[in-house]
Each structure stands twice: as structure tokens, then as C-alpha cells.
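Asks: What follows is each chain in one-letter form.
Number of protein chains: 2
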Amino acid sequence: MIQKLIEKIRKTNAPIVVGLDPMLAYVPEHIQKKSFAEFGETPEGAADAIWQFNKEIIDKTYDLIPAVKPQVAMYEQFGIEGMKAFQKTVDYCHEKDLVVIGDIKRGDIGSTSAAYAVGHLGKVQIGSHSFHTFNEDFVTVNPYLGTDGVKPFADVCREEKKGLFILVKTSNPSSGEFQDRMIDGKPLYEHVAQKVAAWGEELMGEEYSYIGAVVGATYPEIGKVLRKVMPKTYILVPGYGAQGGKGKDLTHYFNKDGLGAIVNSSRGIIAAYKQEAYAKFGAENFADASRQAVLDMIEDIRSAL
Amino acid sequence: MIQKLIEKIRKTNAPIVVGLDPMLAYVPEHIQKKSFAEFGETPEGAADAIWQFNKEIIDKTYDLIPAVKPQVAMYEQFGIEGMKAFQKTVDYCHEKDLVVIGDIKRGDIGSTSAAYAVGHLGKVQIGSHSFHTFNEDFVTVNPYLGTDGVKPFADVCREEKKGLFILVKTSNPSSGEFQDRMIDGKPLYEHVAQKVAAWGEELMGEEYSYIGAVVGATYPEIGKVLRKVMPKTYILVPGYGAQGGKGKDLTHYFNKDGLGAIVNSSRGIIAAYKQEAYAKFGAENFADASRQAVLDMIEDIRSAL
Numbered sequence: 108m109i110q111k112l113i114e115k116i117r118k119t120n121a122p123i124v125v126g127l128d129p130m131l132a133y134v135p136e137h138i139q140k141k142s143f144a145e146f147g148e149t150p151e152g153a154a155d156a157i158w159q160f161n162k163e164i165i166d167k168t169y170d171l172i173p174a175v176k177p178q179v180a181m182y183e184q185f186g187i188e189g190m191k192a193f194q195k196t197v198d199y200c201h202e203k204d205l206v207v208i209g210d211i212k213r214g215d216i217g218s219t220s221a222a223y224a225v226g227h228l229g230k231v232q233i234g235s236h237s238f239h240t241f242n243e244d245f246v247t248v249n250p251y252l253g254t255d256g257v258k259p260f261a262d263v264c265r266e267e268k269k270g271l272f273i274l275v276k277t278s279n280p281s282s283g284e285f286q287d288r289m290i291d292g293k294p295l296y297e298h299v300a301q302k303v304a305a306w307g308e309e310l311m312g313e314e315y316s317y318i319g320a321v322v323g324a325t326y327p328e329i330g331k332v333l334r335k336v337m338p339k340t341y342i343l344v345p346g347y348g349a350q351g352g353k354g355k356d357l358t359h360y361f362n363k364d365g366l367g368a369i370v371n372s373s374r375g376i377i378a379a380y381k382q383e384a385y386a387k388f389g390a391e392n393f394a395d396a397s398r399q400a401v402l403d404m405i406e407d408i409r410s411a412l
Numbered sequence: 108m109i110q111k112l113i114e115k116i117r118k119t120n121a122p123i124v125v126g127l128d129p130m131l132a133y134v135p136e137h138i139q140k141k142s143f144a145e146f147g148e149t150p151e152g153a154a155d156a157i158w159q160f161n162k163e164i165i166d167k168t169y170d171l172i173p174a175v176k177p178q179v180a181m182y183e184q185f186g187i188e189g190m191k192a193f194q195k196t197v198d199y200c201h202e203k204d205l206v207v208i209g210d211i212k213r214g215d216i217g218s219t220s221a222a223y224a225v226g227h228l229g230k231v232q233i234g235s236h237s238f239h240t241f242n243e244d245f246v247t248v249n250p251y252l253g254t255d256g257v258k259p260f261a262d263v264c265r266e267e268k269k270g271l272f273i274l275v276k277t278s279n280p281s282s283g284e285f286q287d288r289m290i291d292g293k294p295l296y297e298h299v300a301q302k303v304a305a306w307g308e309e310l311m312g313e314e315y316s317y318i319g320a321v322v323g324a325t326y327p328e329i330g331k332v333l334r335k336v337m338p339k340t341y342i343l344v345p346g347y348g349a350q351g352g353k354g355k356d357l358t359h360y361f362n363k364d365g366l367g368a369i370v371n372s373s374r375g376i377i378a379a380y381k382q383e384a385y386a387k388f389g390a391e392n393f394a395d396a397s398r399q400a401v402l403d404m405i406e407d408i409r410s411a412l
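Heads up: the sequence lines are chains Y and D, in that order.
Okay, so the first sequence: first residue is 108 according to the numbering used here, each after it adds one.
Okay, so the second sequence: first residue is 108 according to the numbering used here, each after it adds one.
Excised from the complex, chain Y in its bound form (with noise of 0.2 angstroms):
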């Protein structure tokens, strides 16, 4: 999956991703008038909101773009009925084409962590079938817990051709509390990230890893020192646009070849309309407005490496 995420990065010329986390307040009064008239101010009317929503954003952006982030948070917390309209997104982005990224930041030890992994990337086995459930392309993982904890993920995706992002330095202001603290004279952060690159190491596709780091926009810094810790390593770089990075932040996580990175904006683009600078979409054409922010992410991108 990892070579496709590079050919359609290589074909889009914009090596982005559009985080699907729809808070309720993002979606437009019309879309969730319409879904509470169907489905009343209920999880099941609130999860047909943020699909709907999600639907427009993904039918006005798709052409552009290689890859999504839904965060599964954002569908949890509406239980089952936000888990359908989760599992829905992710289908209807590979109809798509779309590379989609589960972000879900699970991690866990042994055969725990192997539920996670064939639940969100492979196939669970009942009796003598086996089926895809969340099927993601790649998922998000914490690394707390050390190589019990990936491994069950990493058997996964060498066995389905899925990948990972490992968190390795989070892009929130809180992150350095236990990620920048000492050890041996490196910050844990970087210590997390050569087991990265080790476990990635023995899952390798052509020119890139399986496995994939976090590391936020939010610290254009220590970005230029984990490009060179993880050179095979795929890079995902939350925190552009709302959280605070720019475009010219970025160019130090990207290798020469142009590639190695993938910038993702969530709020930035699916509550475009929000925004001042798109304020003229106006609500009711809110996906016309994540286009034309994608667009203008791209360039800003673009236009810094």
C-alpha cells in the first residue's frame, strides 16, 4: 500500500491528506437539519450528518488529493450508529481511489494488539471464513508499549501489504512532557524513532517502509532531525493549517526525491467555510470551500519544496 500511496502522491503532485474528522459543529445547519428531520437529534441522526458531510467533502476533493485520515474518534463517540458511518467513509473512499489512513492510535500487547490489527487492516477469521471489517489502508499506532505492541500490527501488514504510522513526536503543545525528555542523550522521541526505522527495516517496500512515523508540523526542527534518523520511513505530518504549520515548516521532512512526507490538515479544509478566507463559499457550498483549500494547501506546499 505504501507504493500506492507513492504513485498517487507522484500522480496528484500533492503529497497531502485530508483528515475526515468531522466534529457535529462543522457540519452545516442544512446537512444537520435534514438529518435530524430524517433521523431525529439522535446518534443515528447525527451519524447520517457526518456522512453526508463527508460524502460532499470527498465527491468535491478526491481528484486532487492521494489519501484521507478519518479520525475514529470522531465516529466513536457516536457508538454503533458513528462506527457505520466510519466504516461507510472508509468504503466510499476506496470506491474512490482514495489511500485511506484510519487514524486510530491503538496499541496494545500480543493478541489484543493482533485484534486491532486484523479488524482495521486485515481479516478475522470465524469458523472457516474470513472477513475484512474496518478495513483501512494504513492505521496510526502508539508505541508505548514497545515491540510487543507493533509487531502483531507489523505481521499484518506484511501479510495484507497495509502499513502503519508510528507516533513517534505528536504535533500538541503537551507532547515533549515524556517524547522530549533525555535519555542517553537523545530526546525519547528519537529513540522511538530509530526503533521505527528498525522495525521498518525488515518490511520494506520498493523505496519506502511499511511502517511510517508521526511527527506534527508543529516542530519543524525536530522534523529535520527525524528525516535523517528514518530515511526510509514515511513521514505523516498532522498539525499544518489550524494547528499552527506552514508549508515552508515542511520542506525538512521531505527526503530530495520530493517524497518521504504527507502533510495532513483536518479542520483546515473540512471546516473550510469557517474560515475568513472562504467565508464567501458560504455554508451551503462548505465542500466548494474545502476544494478551493486544498487547492491552496497544495500550492503552499508545492511552491516551499
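Since the hints were derived computationally from the structure, they do not count as laboratory data.
Small disclaimer: the values here were computed from a predicted structure and weren't measured.
Just so you know, even glycine gets a beta-carbon here, dropped at the ideal spot from N, CA and C.
Certain hints may be false.
[Unchecked claim] Partial list, computed: chain D residues near chain Y (C-beta under 10 angstroms):
(1) Leu131
(2) Ser235
(3) Gly253
[Said to hold, decoys possible] Partner residues are not named here, just some residues of chain D that face chain Y (Cβ under 8 angstroms, in silico):
(4) Thr149
(5) Ser218
(6) Gly234
(7) His298
[Stated by the list, open to error] Anything over 12 angstroms on all C-beta distances counts as not near chain Y; from chain D, calculated:
(8) Glu328
(9) Lys339
(10) Leu366
(11) Asn392
For this one, chain Y is given, so just place chain D on it according to the hints.
Replies: Relative to the frame of chain Y, chain D by itself:
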């Protein structure tokens, strides 16, 4: 909810929690057969099988124990149908007045952590209504993202009087890869423990905090240290039984008041009938084997304290 947990531990005199982690391989043939006959070898069939399995174990053990800990991965792997079985299990445990610890190990930042928190502990707002969705009493949380990741959970806990168990030192062999690394003369897990204690001070129940910690049974010497670092923190102790921990190893996880720790066993209880010691019960009476295993575990821990 920490008060209710303590009351129930006092009443049962059993500081234990049964891990409801139903791998399909644990579910006796006769249950699988029945569920598959009704729903086919499908996710629906698998979900029914693990639900029937859980229900019998709950019915045979709920009077002996204060709490259960369903591991969401084991349900999530079956997709939507699996999540329905998770929800059914949580609801049924509440009917039986058990405290439910959702072993979800989520952890993200800001609005994303908030979404997990409302989805698993709180109420999600939809229009002018609010809904409990999965509605556990406690959840496990991963600390790698720092305070930004934990605060949204803590906020919901304050409002709902619910609680957390934050991963400090996990029970798996490779937990040391990052957790044991020395920072300023102390291992990372001890720094995490200090944060857990500090977060917990802001959210105190009568004797113990709403914010607990996870410390594996497989590292008793570490348990001894962490007990002192987090005196008012309830410690959830996985790794008893199948993973190697024994009652006599666990005395130092408890405070002098006989409280402060709750020991989990999953496989050792729910798949007891597969062990030689309980084979006499036979697969048909698997839940009686689980009851006996609970009684034996309680005895092992009581005699050690």
C-alpha cells in the same frame, strides 16, 4: 465511581477484576455451533457467540467480584457487530451492578481525546439532546501524548464522577524498551507515575483519586516503587495468572489499608475450562470452571495480603 469500586471491593472482599477478552478460540464449541447455526459463520455469528459466552460467565461470577474489564479490541475486530456485543456486555454488567472498566487504551489530543471521553464515559451532545453511548465507568488511557491527551478525559470524569487507569508500566516483555529508559536518574514509567499522581490530585475521591494507573503484575519490584510514588492512586494490575503474576508477588501493589490495587485476570478466568486444573468441569460447564477460577484467585490474593 472510584467510591463505588472501593465499596464493592470491600463488600466482596475481592480486589479482583475479570477481563472479558473473549477470543473466539476461548468460546466452547457448543456455543459457537449454536450462534453459527442462527447467524452463519459471519461477524454477526461471532458477535453472538462471544456475547453468549460473556453472559454465562457474568451470570456465574457477578456475585463474587466488584468489576469486569472488557477489552474492546476483542469486539472491535468483528466490526460493527462486535461493537454491538461490546455494548451489550457493558450494559449487562451494569444490570448486574458490576463496575465496568473499558480497556480501550485510547489516547489522542484535544477535541479528539474529548470525543473518546464522551463516547466511552460521558454523554455526546446531539442538537438539544445528549446520549450516553458506550458508557463504561472507567477506561484505560495511553499517556504518550502528555497532559493534552489526558485532560479531556479528566474533564469528563469530573462531570460524570467516573475514572481512568493510565498506562504506567505494562505487563508485557518489551514494555521496557521505552518505559524503563532512564531519565534524570529515574525510569520513564516513574516520570509517568508522577504525572498520574499530579493529575490525580486534581480529581480526588474520598480516599483515592478518580485517576488510577496500570502497572503490570509481572514486575513486582516496580510495583513496590510505584505504590509509593502514587499513594492515592488505584492501581489496576494486569498480568496475573496466564501472564505469570501470582498473589504473593502482588502484596506491595496494595496500601496498608488493604486497598489501592485491583488485580485483573482474563484468560485465566474466562478460559479456565481449558486448563488442566479445571478440565473436570468440561466445555459444557465452562462458566462453572470460571467461577471456580475466580474463587481460587480470590483465595490466592487474600492469603497473600
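Asks: With reference to the structure, classify each hint as holding or not holding.
Replies: Here's how the hints hold up against the structure:
1. Leu131: 7 angstroms, holds
2. Ser235: At 6 angstroms from the nearest chain Y Cβ, D:Ser235 passes the 10 angstroms test, so the hint holds.
3. Gly253: Since chain Y brings a Cβ to about 4 angstroms from D:Gly253, closer than 10 angstroms, the hint holds.
4. Thr149: 7 angstroms, holds
5. Ser218: 6 angstroms, holds
6. Gly234: 3 angstroms, holds
7. His298: Since the shortest Cβ distance to chain Y is 7 angstroms, the answer is holds.
8. Glu328: 19 angstroms, holds
9. Lys339: 21 angstroms, holds
10. Leu366: About 27 angstroms separates D:Leu366 from the closest Cβ of chain Y, which puts it past 12 angstroms; holds.
11. Asn392: 23 angstroms, holds
The structure shown violates none of the earlier numbered hints.
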